[in-house]
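Q: Fit chain B with the ligand to the supplied structure of chain A, relying on the hints for placement.
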Amino acid sequence: MDLRFTPEEIAFRDEVRAFFRDNVPAKTREKLIAGRPLDKDDIVTWQRILNKRGWAVPNWPVEWGGQNWSPVQRYIFDEEMQLAPAPQPLPFGVSMVGPVIIAFGNEQQKKRFLPRIANLDDWWCQGFSEPGAGSDLASLKTRAERKGDRYIVNGQKTWTTLAQYADWIFCLCRTDPAAKKQEGISFLLIDMKTPGITVRPIVTIDGGREVNEVFFDDVEVPVENLVGEENKGWTYAKFLLGNERTGIARVGLSKQRLRRVKALAREVGLMDDPRFREKVAAVEVELKALEMTQLRVVAAERHRKDKKPDPFSSILKIKGSEIQQATTELALEVAGPYAMPYVPPQEGRNEPPIGPEWAAPLAPTYFNWRKVSIYGGSNEIQRNIIAKAILGL
Amino acid sequence: MDFDLTEEQRLLKESVERLLADRYAFEQRQAYQKSPEGWSRELWRAYAELGLLGLPFAEEEGGVGGGPVETMIVMEAFGRALALEPYLSTVVLCGGILRRTGQKELLPRIADGSLLLAFAHGEPRSRWRLDHVETQVENGRVTGEKAVVLHGDSAEKLVVSARDGKGRIGLYLVDAGATARRGYPTQDGQRAAEIRLDGTPVEAVLAEDGMPLIERVVDEAIAALAAEAVGAMTALQELTVDYLKTRKQFGVPIGTFQALQHRAVDMLVATEQARSMAMFATMMAGEEDAAERRKAIAAAKVQVGRSARFVGQQAIQLHGGIGMTAEYKGGHYFKRLTMIDQMFGPADHHLERLAEAGGLFD
Ligand SMILES: Cc1cc2nc3c(=O)[nH]c(=O)nc-3n(C[C@H](O)[C@H](O)[C@H](O)COP(=O)(O)OP(=O)(O)OC[C@H]3O[C@@H](n4cnc5c(N)ncnc54)[C@H](O)[C@@H]3O)c2cc1C
Chain A
1 MDLRFTPEEI
11 AFRDEVRAFF
21 RDNVPAKTRE
31 KLIAGRPLDK
41 DDIVTWQRIL
51 NKRGWAVPNW
61 PVEWGGQNWS
71 PVQRYIFDEE
81 MQLAPAPQPL
91 PFGVSMVGPV
101 IIAFGNEQQK
111 KRFLPRIANL
121 DDWWCQGFSE
131 PGAGSDLASL
141 KTRAERKGDR
151 YIVNGQKTWT
161 TLAQYADWIF
171 CLCRTDPAAK
181 KQEGISFLLI
191 DMKTPGITVR
201 PIVTIDGGRE
211 VNEVFFDDVE
221 VPVENLVGEE
231 NKGWTYAKFL
241 LGNERTGIAR
251 VGLSKQRLRR
261 VKALAREVGL
271 MDDPRFREKV
281 AAVEVELKAL
291 EMTQLRVVAA
301 ERHRKDKKPD
311 PFSSILKIKG
321 SEIQQATTEL
331 ALEVAGPYAM
341 PYVPPQEGRN
351 EPPIGPEWAA
361 PLAPTYFNWR
371 KVSIYGGSNE
381 IQRNIIAKAI
391 LGL
Chain B
1001 MDFDLTEEQR
1011 LLKESVERLL
1021 ADRYAFEQRQ
1031 AYQKSPEGWS
1041 RELWRAYAEL
1051 GLLGLPFAEE
1061 EGGVGGGPVE
1071 TMIVMEAFGR
1081 ALALEPYLST
1091 VVLCGGILRR
1101 TGQKELLPRI
1111 ADGSLLLAFA
1121 HGEPRSRWRL
1131 DHVETQVENG
1141 RVTGEKAVVL
1151 HGDSAEKLVV
1161 SARDGKGRIG
1171 LYLVDAGATA
1181 RRGYPTQDGQ
1191 RAAEIRLDGT
1201 PVEAVLAEDG
1211 MPLIERVVDE
1221 AIAALAAEAV
1231 GAMTALQELT
1241 VDYLKTRKQF
1251 GVPIGTFQAL
1261 QHRAVDMLVA
1271 TEQARSMAMF
1281 ATMMAGEEDA
1291 AERRKAIAAA
1301 KVQVGRSARF
1311 VGQQAIQLHG
1321 GIGMTAEYKG
1331 GHYFKRLTMI
1341 DQMFGPADHH
1351 LERLAEAGGL
1361 FD
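Chains A and B, in that order, give the protein sequences.
Mapping the first sequence onto my numbering, position 9 (from 1) lands on 9, and the numbers just tick up by one.
Take any residue in the second sequence, note its place counting from 1, add 1000, and you have its number in my numbering.
For reference, chain A alone in the conformation it holds in the complex (with noise of 0.2 Å):
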């Protein structure tokens, strides 16, 4: 057993970090450091570097742009782009559907869509949540009929993210309404230009414009959408949300909050507080626990044979999540009376800030944050994976 990066894998690294140091626009990275939000341009704008660089979709096969790394050194690459930090490459094209593409999709498919996800010239969302079917998702009600050459969808999803940028969207629909409720759903994809669709926002506590409602009326979808084979969707799904693993702890970007708030509360003078600097080492501790169950995850990954989705990652799941939102606790105390004003995110660049400029955003980041432990899977279900899948009970 040796903990440590290998020489090989600390040049790396140190090729990953300046990579990120010299690149990463200088607004994206204000914004990001500051919490608040990027805009379409700011993320479509870092895909096409990464792409330029060949870094877009590291995790994909050699052929389709991917690069054969090691699981350390994928490890190391998301890392350092949250440390950086660097804007997350839309994990919707990227991390989901890029993959169910390239294991399940064929040829043609993989042709068409593949480069121009890499390149971020279709953006994608995920429409697989329903109002009735979030954690027991399989109970989804979207039909798709077929008819001919086509599927003629209708039906509602909801809390898709950033769906009002969204060129296209995967959907997971019933085209099998007799069958048990796992084996009647196909994956389709949708070109959210067909008519019949809306898109209608859902504004979030804090204020923010990230989730919407996608209601489908009568959408006419070429039967060459269809990924894989026809109600076999729910495998592809599956195969989906187990993708994941090492990503959801987002040990880096806690790591980059916490540099934050421990600058921020040096400047009002908190960090001269012990009660407040043993609750940052606290949080600190879980983290650097959480970063070595990360890496023994990681390194696990050489001798898994099977591509079943590992019940550990359920682990990271939840305390990644609980971190970040101790972090935003963090934060939120460092504000002090300053989070309370209330700033909209669009608003108010040109006026001159309430109390410290970067007071702003902190309380709501907090209130957003809480998302983080209910979507992906919430953190019951992740526990419900764990007392199944790892205990046994």
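There may be inaccurate statements among the hints.
To be verified - Here are the simulated BS3-like cross-link-like pairs (lysine-lysine), alpha carbons at most 25 Å apart as the crow flies:
1. A:LYS180 / A:LYS232
2. A:LYS52 / A:LYS27
3. B:LYS1248 / A:LYS238
4. A:LYS181 / B:LYS1248
5. B:LYS1248 / A:LYS141
6. A:LYS181 / B:LYS1245
7. A:LYS238 / A:LYS388
8. A:LYS141 / A:LYS181
9. A:LYS180 / A:LYS147
10. A:LYS388 / B:LYS1248
11. A:LYS141 / B:LYS1245
12. A:LYS181 / A:LYS238
For the record, the hints were derived by calculation from the structure and aren't laboratory data.
A: Here is chain B with the ligand on its own, set in the frame of chain A:
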């Protein structure tokens, strides 16, 4: 010992709750919040008619001679309704100061609803320290900056703290129109203002040595906020239990999952612990021994802050995605509870004060 309300207190509770049930449904509340002032003048008049605005004042001052228990009753109802009106600033804080200083002639105007006040005390660098005042008073004029003044934008007069030439922190009444104000909404949908005074003339000297009075009314305000938090927490806890009973996943109401049942139980326990400490704070708000009072109030702020955080966070979690939306009432309780924890210092700030003062039990 008696935890029961008197007949009069029960009537007060019923009438406030009825008024708010009739006129403070969540959609109405959202409409008040979006209006230019951010709260309802109409409701303010209704509060005056009910006698709420003169609650703590003596009868000869236009009031009804109520005490901390009456304030608790009203604030708890406001918490449940997520009321937006400047009650804490005008009645509890400024009313609390004016009724103990020479300015008794203003009290009937507070009671009849015609006078709005704000307590301009905190400053850009004071954080939670009550004795950090850089604003100066000299030859009857006040100069300085006041930060996050609750309802400072709609107030007609301000009670301002300022240091005099002898270094004493005093309290002064000024005309709000003679200051530069920048009003804004707060995270929980209330209002506040940044206020700059630049040689603003003093209308009345309220107290030259004002620290004991400041501490006293802030303690009363914390007791009032504790009651408001309990009202909000209770409503949020009930809302969550209702949701657990109606939301179905996997073919059953999610409230049948034991993991969620236990969480809901913990929310109830936290709410009841907070309720008890809000009562303790109410009882101790009138305590003359300042050191004892301060310890009790700090203890209540700790419990209420912690319970508020737990109940707020769990309520969002148990609602799933719905809890994250601005359209749903639950998130607004969460935000109000978060801000009540912040106001006058969060739980850990008061824990530190309490520990430094030797704790609660000998
Ligand atoms: C900000 C945000 C962005 C999102 N983005 C997307 C997106 O882009 N695309 C998409 O498809 N979806 C998205 N989602 C949806 C997300 O995946 C769902 O919110 C999540 O699956 C939970 O479903 P629900 O909201 O319906 O809650 P519910 O499933 O109704 O859950 C309510 C509560 O019950 C608990 N619960 C449910 N079942 C059990 C059980 N068996 N045992 C114990 N507890 C249980 C849950 O943990 C939760 O606490 C997003 C959600 C949010 C908040």
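Q: Next step is simple, just say for each hint if it's right about the structure.
A: Hints, verified against the model:
1. A:LYS180 / A:LYS232: holds (12 Å)
2. A:LYS52 / A:LYS27: Holds - the C-alpha atoms of A:LYS27 and A:LYS52 are around 20 Å apart, at most 25 Å.
3. B:LYS1248 / A:LYS238: With Cα atoms ~22 Å apart, B:LYS1248 and A:LYS238 stay inside 25 Å; holds.
4. A:LYS181 / B:LYS1248: holds (16 Å)
5. B:LYS1248 / A:LYS141: holds (14 Å)
6. A:LYS181 / B:LYS1245: Cα-Cα ~24 Å, so holds.
7. A:LYS238 / A:LYS388: holds (16 Å)
8. A:LYS141 / A:LYS181: holds (10 Å)
9. A:LYS180 / A:LYS147: holds (22 Å)
10. A:LYS388 / B:LYS1248: The hint holds at about 22 Å.
11. A:LYS141 / B:LYS1245: holds (22 Å)
12. A:LYS181 / A:LYS238: Within the cut-off at roughly 14 Å; holds.
Hint compliance for this structure: every hint is met.
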